[in-house]
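Trainee: Working from the sequences, and respecting the hints, build out all of it.
Protein chains: 2
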Amino acid sequence: MRWNELDAEECSIARTLSVVGDRWTLLVLRECFLRVRRFDQFQERLKITRHVLANRLKKLVDEGVLQKVAYQERPERFEYRLTDKGLDLYPVMMSLVHWGDVHMAGPDGPPILHRHKTCNHVFEPVVTCSQCHEPLDARQVDLMPGKKTA
Amino acid sequence: MRWNELDAEECSIARTLSVVGDRWTLLVLRECFLRVRRFDQFQERLKITRHVLANRLKKLVDEGVLQKVAYQERPERFEYRLTDKGLDLYPVMMSLVHWGDVHMAGPDGPPILHRHKTCNHVFEPVVTCSQCHEPLDARQVDLMPGKKTA
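First to last, the sequence lines map onto chains A and B.
Following this note's numbering, the numbering of the first sequence begins with 292 at its first residue and continues without gaps.
Following this note's numbering, the numbering of the second sequence begins with 292 at its first residue and continues without gaps.
Where hints are given, some of them may not hold.
Stretches of chain A that chain B covers, calculated by requiring three or more beta carbons in the stretch to come under 8 angstroms of a beta carbon on chain B [unchecked claim]: (1) 305-315; (2) 318-328; (3) 374-380; (4) 383-392; (5) 410-416.
In short, the hints are calculated from the structure, not lab data.
Predicted, not measured: the structure shown is a model, and the values here were computed from it.
Glycine included, every Cβ here is placed at the ideal spot set by N, Cα and C.
Mentor: See below:
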């Protein structure tokens with residue numbers, strides 16, 4: 292299936308990008324994966340205005356990507372934690388970081404290395420096929436209409 | 292390593308997002324992976340203004356993600372093709388699409404299925420560790436300073 296058989300609107304990526312397709316939102320999410328949770332911490336690290344930060348956090352809570360959890364009662368204070376839906380964005384985040392490490396890092400190499408606790412090695416993320424477990428290449432993937440259009 | 296040991300500016304993701312962290316840019320790239328190549332095709336499919344489209348295409352060419360290739364001489368006409376650097380964004384694109392399929396698709400399921408030509412199966416992308424080949428989970432990844440900060 293090629294582009295001319297596929298309606299641009301069909302792709303759930305357009306809906307996905309309405310949730311996460313914004314630079315500040317993605318930077319807020321990166322901080323969440325680094326376990327940053329409190330408003331002032333986000334603000335200090337990202338040098339973002341309170342207005343923009345509050346807007347992005349509210350949107351992520353409304354979309355069920357983050358949840359707001361009280362950590363103190365008087366005065367009431369909240370922190371922001373990734374939900375399961377939010378944790379599922381990890382492959383997106385890892386893929387972005389890896390692309391940056393390969394193509395945007397300077398001569399000193401990537402600023403951060405990732406260690407897999409399970410095997411205790413520094414690793415790179417590899418996107419594989421759920422069926423044959425081989426690494427994926429764009430040229431080896433074909434598109435087919437899903438249920439809706441079948 | 293946790294957030295408070297890590298400078299937000301250190302992460303190459305900030306630089307990465309300055310290239311691809313924009314909804315229109317990501318939608319243009321999705322079209323590129325569907326093999327859309329010509330200005331008018333992008334415009335027709337995305338319902339984007341010529342000004343915004345020209346701006347995003349120019350930026351992607353300047354960043355080496357797309358290359359502009361003449362496909363006709365008189366009058367000279369160009370098309371936009373993914374470079375190797377651009378093709379390397381495939382895991383980002385697949386991860387975004389997969390998250391959308393899981394979390395944003397309606398009751399009819401994903402609008403598009405992906406078939407792996409290599410094994411001939413409909414598949415889902417799985418992000419794995421390059422060392423032990425197990426699927427990655429955010430909770431099992433630790434961060435370490437790279438060369439620059441070592």
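Trainee: Could you run down the list of hints and mark each one as holding or not?
Mentor: Taking the hints in turn, this is what the structure says about them:
{"no.": "1", "hint": "305-315", "in the structure": "holds (count 10)"}
{"no.": "2", "hint": "318-328", "in the structure": "holds (count 7)"}
{"no.": "3", "hint": "374-380", "in the structure": "holds (count 4)"}
{"no.": "4", "hint": "383-392", "in the structure": "holds (count 10)"}
{"no.": "5", "hint": "410-416", "in the structure": "holds (count 6)"}
Going down the numbered hints, you'll see the structure goes against none, and every one checks out.
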